[in-house]
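Turn these sequences into a full structure, and let the hints guide you.
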Amino acid sequence: MKVSKKTYILIVIIALLYISRGYVYRVFVKYEPIEERKEYSVRNSELISYIENSTINSDLSGIVSIIDKSNELTNEKLKFTSSKCDVDPNKLVNSSKTHCVGYAYFFTSTFNYLLKKSRLSNEWKARAYAGKLYFLGIDVHKYFDSPFFKDHDFVIVENSTTGERIYIDPTISDYLGIDRVSSR
Numbered sequence: 001m002k003v004s005k006k007t008y009i010l011i012v013i014i015a016l017l018y019i020s021r022g023y024v025y026r027v028f029v030k031y032e033p034i035e036e037r038k039e040y041s042v043r044n045s046e047l048i049s050y051i052e053n054s055t056i057n058s059d060l061s062g063i064v065s066i067i068d069k070s071n072e073l074t075n076e077k078l079k080f081t082s083s084k085c086d087v088d089p090n091k092l093v094n095s096s097k098t099h100c101v102g103y104a105y106f107f108t109s110t111f112n113y114l115l116k117k118s119r120l121s122n123e124w125k126a127r128a129y130a131g132k133l134y135f136l137g138i139d140v141h142k143y144f145d146s147p148f149f150k151d152h153d154f155v156i157v158e159n160s161t162t163g164e165r166i167y168i169d170p171t172i173s174d175y176l177g178i179d180r181v182s183s184r
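Residue numbers (the working numbering): 1 to 184.
These are computed hints drawn from the structure, not numbers from a lab.
Careful: at least some of the hints might be erroneous.
Here are the computed lysine-lysine pairs in the DSSO-like style, where the Cα-Cα straight-line distance is at most 30 Å [unchecked claim]:
(1) K30 / K69
(2) K30 / K97
(3) K97 / K150
Cβ pair distances, simulated, as ranges [to be verified]:
(4) D145 / S95: 23 to 29 Å
(5) E123 / I11: 20 to 26 Å
(6) D139 / I9: 19 to 25 Å
(7) K84 / S61: 36 to 42 Å
(8) R165 / S54: 23 to 29 Å
(9) R43 / A15: 24 to 30 Å
(10) S121 / N53: 30 to 36 Å
(11) I9 / Y143: 29 to 35 Å
(12) L16 / I138: 46 to 52 Å
(13) N159 / Y18: 28 to 34 Å
(14) S95 / K150: 33 to 39 Å
(15) I56 / L10: 27 to 33 Å
(16) I11 / K117: 40 to 46 Å
(17) E123 / L10: 45 to 51 Å
Quick reminder that beta carbons are idealized off the backbone N, C-alpha and C, glycines included.
Have a look at this one:
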């Protein structure tokens, strides 16, 4: 079976887009924080056990490794739903179905727990935010009538000393494998 030149080019383009999906997403989609969400502390013994057992052999000495492990634990534990659901990470450890609010809270709580464990909590902190998504500079939320799409929740990891900010969308991480996003 011979593959035509057009088919070959199409396959190469699709492969390149897949490989560079994070970069492409960050170029076209920008996040703008509107409102900081409340903070949840990890207090459920099952959630503590889940985090502790999942990080026994993990190197959590740097911020990147803590972000990556928090994304991994969030993606492993949660499943997306657009239905009414829990958002408290201490409940999500058992119920697991949530939307972007729950994803942001779970990531934030897990991340901040791991920061304390790694003794980096004086320098870094994660906060969940409700915000807007912009595609090519256009607010995408105005095209939806449903209250479900009035905003989108994501996380900002910030260094209190340098002011460095890292934007994380745990929902997009779970579905597209894109671990970092861009700010407006």
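Okay, the hints, checked on the actual structure:
1. K30 / K69: Holds, at roughly 24 Å.
2. K30 / K97: This hinted pair holds, its Cα atoms lying about 26 Å apart.
3. K97 / K150: 20 Å, holds
4. D145 / S95: 23 to 29 Å: For S95 against D145, whose Cβ atoms are near 28 Å apart, the range 23 to 29 Å holds.
5. E123 / I11: 20 to 26 Å: 45 Å, violated
6. D139 / I9: 19 to 25 Å: Given a distance of about 35 Å, which is not inside 19 to 25 Å, the answer is violated.
7. K84 / S61: 36 to 42 Å: The hinted range 36 to 42 Å holds for K84 and S61, with Cβ atoms some 40 Å apart.
8. R165 / S54: 23 to 29 Å: 26 Å, holds
9. R43 / A15: 24 to 30 Å: 45 Å, violated
10. S121 / N53: 30 to 36 Å: For N53 against S121, whose Cβ atoms are near 21 Å apart, the range 30 to 36 Å is violated.
11. I9 / Y143: 29 to 35 Å: The hint (29 to 35 Å, Cβ to Cβ) holds, given that I9 and Y143 are roughly 33 Å apart.
12. L16 / I138: 46 to 52 Å: 25 Å, violated
13. N159 / Y18: 28 to 34 Å: Once the Cβ atoms are compared, 32 Å apart, the range 28 to 34 Å for Y18 and N159 holds.
14. S95 / K150: 33 to 39 Å: For S95 and K150 the Cβ distance comes to about 23 Å; the hint is violated.
15. I56 / L10: 27 to 33 Å: 45 Å, violated
16. I11 / K117: 40 to 46 Å: 45 Å, holds
17. E123 / L10: 45 to 51 Å: At roughly 47 Å between Cβ atoms, L10 and E123 fall inside 45 to 51 Å, so the hint holds.
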